[in-house]
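Spelled out, the chains give:
Protein chains: 2
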Amino acid sequence: MIEKEIIKAIEGAERIAILPHVFADGDALGSSIALALALRKMEKKVKVYIEEEIPRTFDFLPGKEFIEVFKGQIEDFDLILILDTGDLARLGKRVDIFNNKGYTINIDHHTTNTEFAAINHVDTNAAAVGEIIYQLIKSLGISIDQNIATCVYVAIATDTGGFRYSNTTALTHQITADLINNGVDVSKISQIVFETLPYKKVKLMGLAIDTIEISENGKLAFITVTDEMLKKTNASDEDCDGLVNIARNIEGVEVAVLVRQRSKDEFKVNFRSQNYVDVSAIARKYSGGGHMKAAGCTINGNMEEIKQMLKKDIKEVL
Amino acid sequence: MIEKEIIKAIEGAERIAILPHVFADGDALGSSIALALALRKMEKKVKVYIEEEIPRTFDFLPGKEFIEVFKGQIEDFDLILILDTGDLARLGKRVDIFNNKGYTINIDHHTTNTEFAAINHVDTNAAAVGEIIYQLIKSLGISIDQNIATCVYVAIATDTGGFRYSNTTALTHQITADLINNGVDVSKISQIVFETLPYKKVKLMGLAIDTIEISENGKLAFITVTDEMLKKTNASDEDCDGLVNIARNIEGVEVAVLVRQRSKDEFKVNFRSQNYVDVSAIARKYSGGGHMKAAGCTINGNMEEIKQMLKKDIKEVL
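Chains as they are written, first to last, in this note's numbering: chain X, 1 to 318; chain S, 1 to 318.
What you were told as hints is all true, and nothing was included just to trick you.
No distinction is drawn between identical chains; accordingly, a pair holds when it is met within one copy or between any pair of copies.
Within a straight-line C-alpha distance of at most 25 Å, the following computed DSS-like cross-link-like pairs (lysine-lysine) qualify: (1) Lys47 x Lys71; (2) Lys200 x Lys315; (3) Lys101 x Lys4; (4) Lys219 x Lys188; (5) Lys8 x Lys138; (6) Lys188 x Lys293; (7) Lys219 x Lys200.
FYI, nobody ran anything at the bench for these hints, they're computed from the structure.
Chain X extracted, bound-state conformation (with noise of 0.2 Å):
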């Protein structure tokens, strides 16, 4: 069994290093952080690589003394655990620490992953990296204490959109009822996770809203954002995130366009559908991709043309 080479081997490791992907997610870092507190308390060496500074939102998770942001600097481990990342080039700069020295495993959910490590533990069922830690935590002999508890319930609460993606199982639940005897401070942590947005982007999102357009009765949804209005409210790229989320959740849409204005005549587009459209077909045909209900390409031309020109896509398909 897979968790009994990855147990010997951590057992056997002095010197563990842990990379979680770029621009780490909930996931990633929860993850890793349980992971390294765990590790810590088999008296290992362990140091948690990122590639950017920790999100504003994480900042919360306890920790920190683990994490480094990688700048180049090269040590050398006994072991490298590879966390939530589904390929190589999802590391960035840091494969610079995977090639070094030292046994690699690679621990994932994500169906697309290539098995670039020596060992690789990959459960497509995990609802989140969290879960396999978890298991692994326990397996390992160690007591769940209350941070390790809040870093696993971050990874999968972030990882399950809160419990409410098609991916949470009872297993999820299971092992989140363990969490919450463990300590984790529920209602703390959903509001910083999931509740507060800096007062930017609900600027953005209120001039956003304004520029809905429904058509198609009521199934098209067209949600835009310019320049002017980043501008305007002092937001950047990152805030346009989950926008065109408010048009899909509107009653009765089936299919969500996001148009945001990248610079003069380049724009980029989300794509969401709510049930029965295949909304990556329409992004390949302008050179984009995606799954069936989310997907996204970019554009050259400009607004009005672009908007047109999809509504005549997605009529055919509605």
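For chain X, the structure is supplied; the task is to place chain S on it using the hints.
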């Protein structure tokens, strides 16, 4: 034990009425229908009387065949089960059913419950009445099928704010794990219950966001709704629900206030606090009330005067 008495009463009854509270929410409806489905499996004759039509959000729930909107008709029942109802006033006109005939059992989780029935089963540790009903159905020896699981899931998920409020316990998640094992469609239900919004509400949100005023170093946020905004968006009073949370969830905000026009010079005020301010004290000053972090009142005057007055009150406690 109270549960044994309840089981005995149910087993001895033939005709059973279930009464949730007025303006039945997800917990009241989900618990009532789940229990009705279970009692039918015991060959009981069951009716669920509600005060108003089922809100559109919960229209997808199974068990419509049990539900009757009360129009004054009185039938005789052997047993009347009152769910999620703190006191008799919360039964509305259906108090006539309660007063008519039949043994009465009150199953609730509100700390303020007035214990108005022959048997009162009030578990204030339960996050939702759905948790109590789940355990009762198990104790009755009835298996949890997909329809029952769906109703209990809606009850629990809504009353915990999607497993985010501080009432969420390990038991909440343990029960939910079992519900998922019995066939709950998590992503479909979550989309309907938590994500989908009517277009008029989204438009009202957009206009309301444009009114946000932040002051006191980012700690105080006002958000306003005028008659004109409701007219322009074709929205109604119920579409204002939750608007105050947009302001409360802005990074750094401690107190959020929604001032909402009810008539030319009457304004309804909702207060929310994030951490330390007791907003019920401010609401009480204007003959309102509520809890520490959520309170409300009604004030006569004009919008600007009211805002200045409240700003002065809140400044003192920030």
